[in-house]
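Student: Here the protein sequences line up with chains L and B, keeping their order. Residue numbering for the first sequence follows our numbering, starting at 1 and increasing by one per position. Residue numbering for the second sequence follows our numbering, starting at 1 and increasing by one per position.
Careful, some of the hints might be misleading.
Claimed, not checked - If you want the ones that stay clear, here's a sample from chain L, every Cβ over 10 angstroms from chain B, calculated:
1. C13
2. V19
3. D27
4. S43
5. T49
6. G61
7. K66
8. T80
9. F105
10. S112
Claimed, not checked - One-sided and incomplete, this derived list gives chain B residues near chain L with beta-carbon spacing under 10 angstroms:
11. C12
12. Y34
13. Q38
14. H49
15. V85
16. R95
17. L97
18. F99
Keep in mind the hints are simulated off the structure, nothing from the lab. Small disclaimer: the values here were computed from a predicted structure and weren't measured. We put the beta carbon where it would ideally sit given N, CA and C, even for glycine.
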Amino acid sequence: GAVVSQHPSWVICKSGTSVKIECRSLDFQATTMFWYRQFPKQSLMLMATSNEGSKATYEQGVEKDKFLINHASLTLSTLTVTSAHPEDSSFYICSAVFREDIQYFGAGTRLSVL
Amino acid sequence: DAKTTQPPSMDCAEGRAANLPCNHSTISGNEYVYWYRQIHSQGPQYIIHGLKNNETNEMASLIITEDRKSSTLILPHATLRDTAVYYCIRSGSARQLTFGSGTQLTVLP
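Let's have the full structure, built from the sequences with the hints guiding it.
Tutor: Shown next, in the form of structure tokens:
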């Protein structure tokens with residue numbers, strides 16, 4: 001199947017700093033990518049939809065100024081967690097839809113904010 | 001509201017078939033049934049999806065009842081690496097997936 005690559009897989013940062021997570025579609029173009037968040041022992045929750053060349057669409061309750069999304073090309077979307085705090089510690093997962101048929105997911109990024 | 005109902009957990013002996021049920025009694029005519037699994041600390045992995053016909057691929061088989069109110073994912077020969085949370089999702093579009101709590105499948109040696 002199609003491959004979605006996510007980097008880094010694990011990051012630790014100090015409170016107040018910003019962290020950037022990259023999501024790439026390796027063998028297909030994705031006009032739309034998605035960002036999810038998963039807290040321990042919970043299911044995935046959609047945070048935002050990333051659209052190439054336009055602004056992202058955020059789900060209710062997700063702060064757009066805190067979670068900056070940039071989708072500058074058809075194969076790359078980035079999520080920047082600004083001024084991270086311990087409560088932002090979570091598992092962040094991106095995905096992309098292949099041929100409008102199947103949503104493929106990245107391996108995820110575990111963020112720990114100290 | 002994930003709109004599907006799955007048992008919270010199941011066990012299966014290694015080498016045996018794992019049959020994971022899913023209830024989606026209010027599914028609409030244009031909604032597909034998608035199955036994903038998530039191995040601990042990894043992103044979800046696509047398994048299979050179908051509309052009304054049974055489907056089979058190299059990973060699994062999907063059996064959808066004629067009235068489409070329920071389905072079963074079959075892993076024909078479960079291995080220890082199949083231990084994961086399995087999610088059954090109904091959606092009219094691959095762009096709109098709502099994850100519920102899924103079924104924790106444990107394959108026992």
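Student: Run every hint past the structure and note whether it holds.
Tutor: So, going through the hints one by one against the coordinates:
Listed as a non-interface residue, C13/L keeps its Cβ farther than 10 angstroms from every Cβ of chain B; the least gap is roughly 19 angstroms. Against chain B, the non-interface label of V19/L holds: every CB pair exceeds 10 angstroms, the least being about 18 angstroms. The claim that D27/L is not at the interface with chain B holds, since no C-beta of that chain comes within 10 angstroms of its own (minimum 15 angstroms). Listed as outside the interface, S43/L is inconsistent with that label: its C-beta sits roughly 4 angstroms from the nearest C-beta of chain B, within the 10 angstroms cut-off.
A cut-off of 10 angstroms between C-beta atoms contradicts the statement that T49/L is not in contact with chain B; the least separation is 8 angstroms. Every beta carbon of chain B lies more than 10 angstroms from that of G61/L, the smallest distance being close to 15 angstroms; the non-interface claim holds. Against chain B, the non-interface label of K66/L holds: every CB pair exceeds 10 angstroms, the least being about 22 angstroms. Residue placement check: T80/L keeps its beta carbon more than 10 angstroms from all beta carbons of chain B (closest about 19 angstroms).
Some Cβ of chain B comes within 10 angstroms of the Cβ of F105/L; the nearest lies about 4 angstroms off, and the non-interface call is violated. Here S112/L stays apart from chain B, with its beta-carbon at least about 13 angstroms from theirs, past the 10 angstroms limit. Using the Cβ-Cβ criterion of 10 angstroms, the hint placing C12/B at the interface with chain L is not satisfied: the shortest such distance is roughly 22 angstroms. With its C-beta approaching chain L no nearer than about 8 angstroms, Y34/B sits inside the 10 angstroms limit, and its interface hint holds.
Look at Q38/B: its Cβ gets to within about 8 angstroms of chain L, closer than 10 angstroms, so that hint holds up. Evaluation of the H49/B hint against chain L yields a held restraint, the C-beta minimum of about 7 angstroms falling below 10 angstroms. Interface restraint check: V85/B against chain L, minimum CB-CB distance 8 angstroms, threshold 10 angstroms, status holds. For the restraint placing R95/B at the interface with chain L, the shortest Cβ-Cβ distance is roughly 6 angstroms, inside the 10 angstroms limit, so the hint holds.
Annotation: interface hint on L97/B holds; nearest CB of chain L at approximately 6 angstroms, less than 10 angstroms. Proximity of F99/B to chain L holds as hinted, the smallest CB-CB distance being about 4 angstroms (cut-off 10 angstroms).
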